[in-house]
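Asker: Just so you know, the sequences run in chain order Y and G.
Going by the UniProt record's numbering, the residue at position 140 of the first sequence is 140; the numbering climbs one at a time, nothing skipped.
Going by the UniProt record's numbering, the residue at position 5 of the second sequence is 5; the numbering climbs one at a time, nothing skipped.
The set of hints was computed from the structure by calculation and includes no laboratory data.
One thing to keep in mind: the hints can contain errors.
[Stated by the list, open to error] Think about it this way: if two alpha-carbon atoms lie no more than 16 Å apart in a straight line, the pair counts; the simulated EDC-like pairs of lysine to aspartate or glutamate are:
#1 G:K75 x Y:D111
#2 Y:K60 x G:E181
#3 G:K193 x G:E181
#4 G:K114 x Y:D111
#5 Y:K110 x G:E181
#6 G:K123 x G:D83
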Amino acid sequence: MAPAYKLSYFNFRGLAETARFLLNYGGIEFEDVRVTQEEWPQLKEKMPFGTLPVLEHDGKQAGQSIAIARYLAKQVGLAGKDDWENLEIDAIVDTINDLRLKLLAIHFEKDEEKKKTLLETAAKETIPYYITRLETIVQQNNGHLALGRLTWADFYFTTVCGAFDFFFGGDCLANSPSLKSLVQKVNELPAIKKWIEIRPKTEF
Amino acid sequence: MPPSYKLTYFDLQGLAEMCRYLFSYGGIEFEDVRIKREDWPQHKDKTPFGVLPILEHNGKVAGQSIAIARYLAKKVKLGGNNDWEDLEIDAIVDTMNDIKLKLTPMLMEQDAAKKKVVLEAAKKDIFGFYFPRLEAMVEKNKGYLVLGRLTWADFYFATIFTVCESMIGEEILAGYPNLKEVREKVNGLPAIKKWIEIRPN
Chain Y
1 MAPAYKLSYF
11 NFRGLAETAR
21 FLLNYGGIEF
31 EDVRVTQEEW
41 PQLKEKMPFG
51 TLPVLEHDGK
61 QAGQSIAIAR
71 YLAKQVGLAG
81 KDDWENLEID
91 AIVDTINDLR
101 LKLLAIHFEK
111 DEEKKKTLLE
121 TAAKETIPYY
131 ITRLETIVQQ
141 NNGHLALGRL
151 TWADFYFTTV
161 CGAFDFFFGG
171 DCLANSPSLK
181 SLVQKVNELP
191 AIKKWIEIRP
201 KTEF
Chain G
1 MPPSYKLTYF
11 DLQGLAEMCR
21 YLFSYGGIEF
31 EDVRIKREDW
41 PQHKDKTPFG
51 VLPILEHNGK
61 VAGQSIAIAR
71 YLAKKVKLGG
81 NNDWEDLEID
91 AIVDTMNDIK
101 LKLTPMLMEQ
111 DAAKKKVVLE
121 AAKKDIFGFY
131 FPRLEAMVEK
141 NKGYLVLGRL
151 TWADFYFATI
161 FTVCESMIGE
171 EILAGYPNLK
181 EVREKVNGLP
191 AIKKWIEIRP
201 N
């Protein structure tokens, strides 16, 4: 019988990796579809808004990586116990996403001079601003990003923070031992460690 | 006794209006704090990440407008009835947020001539791509964005696209009667209509 869940994305870790971590963590079988560049133009039209990732289940489809992660977190016990706890997790995930989007915008800046300045500001001010605050939160939350325990926010941070190094021009967690420790803890969870060993090896 | 909820933002509709709509819709009293731009530097470092809006309740603080809206929606029964329904709402809200994010460079463009060029491209590539799909969703969902009934996604749409429109300075929903109707329907809800009459800005 086919797995109950099908997750479609490109052949990257990218925006789908949080979902893949959650499915593996929960021991939920899923079809890990990786769409090639050749296949994408035709498939694009079939997706609700022409984007990936898309999660399929029970004949229904839903897009949006963070929405999918939030749904899967509830299935595997990594969400909040009440509405305010979920708000706390959502707020930290959206904050980390804000940083990711700021950096992405710089990446796509066409004006080379402007880009150079933006990159300098990102490395000297923006990234440190977020990282120092996240580090404090982890120190105050028993080694986690929210609620003093493992939540999908920890998975989200672990899967996206590698991209921040590129913009920082080095290890952006060099002065953040608690965040570093968190990433290590997530990557060493048995189910995650196993997934990391078997997953397709891609650059991003 | 002061209200148990305090919402802090600038003196604008902006990102906070959908939260104010949700409070009003649910009849939940809230302290509607509006920070003046010139006072912002004093307040900025008191917030978790130097941004607004923030919501305070029971001695705790949380930021992020969409996260706050999702929380309030559950309180006022405009969320999903199960996890997959919540996912469907979240997905459409995030999609509308993608639209807003794509529009931001154009909205922030100071040079009028440049802005006009970028706006024309936006009409074709952004509105032209997304609005027909959203229009079709409303057709399929009996006059609502998702789940065939009123959800906080409709509140997101009504507020955020009104803000975008006022920043663009022209009507962007022309040719999309279903979408226009969603906004009118939301703004016509008795509690919302009353809020619109009394709101400061």
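Asker: Run every hint past the structure and note whether it holds.
Answerer: Each hint tested on the structure:
1. G:K75 x Y:D111: violated (46 Å)
2. Y:K60 x G:E181: violated (26 Å)
3. G:K193 x G:E181: Holds - the C-alpha atoms of E181 of chain G and K193 of chain G are around 15 Å apart, at most 16 Å.
4. G:K114 x Y:D111: holds (15 Å)
5. Y:K110 x G:E181: Violated, at roughly 39 Å.
6. G:K123 x G:D83: violated (34 Å)
Consistency with the previously given hints fails for numbers 1, 2, 5, 6, ordered from lowest to highest.
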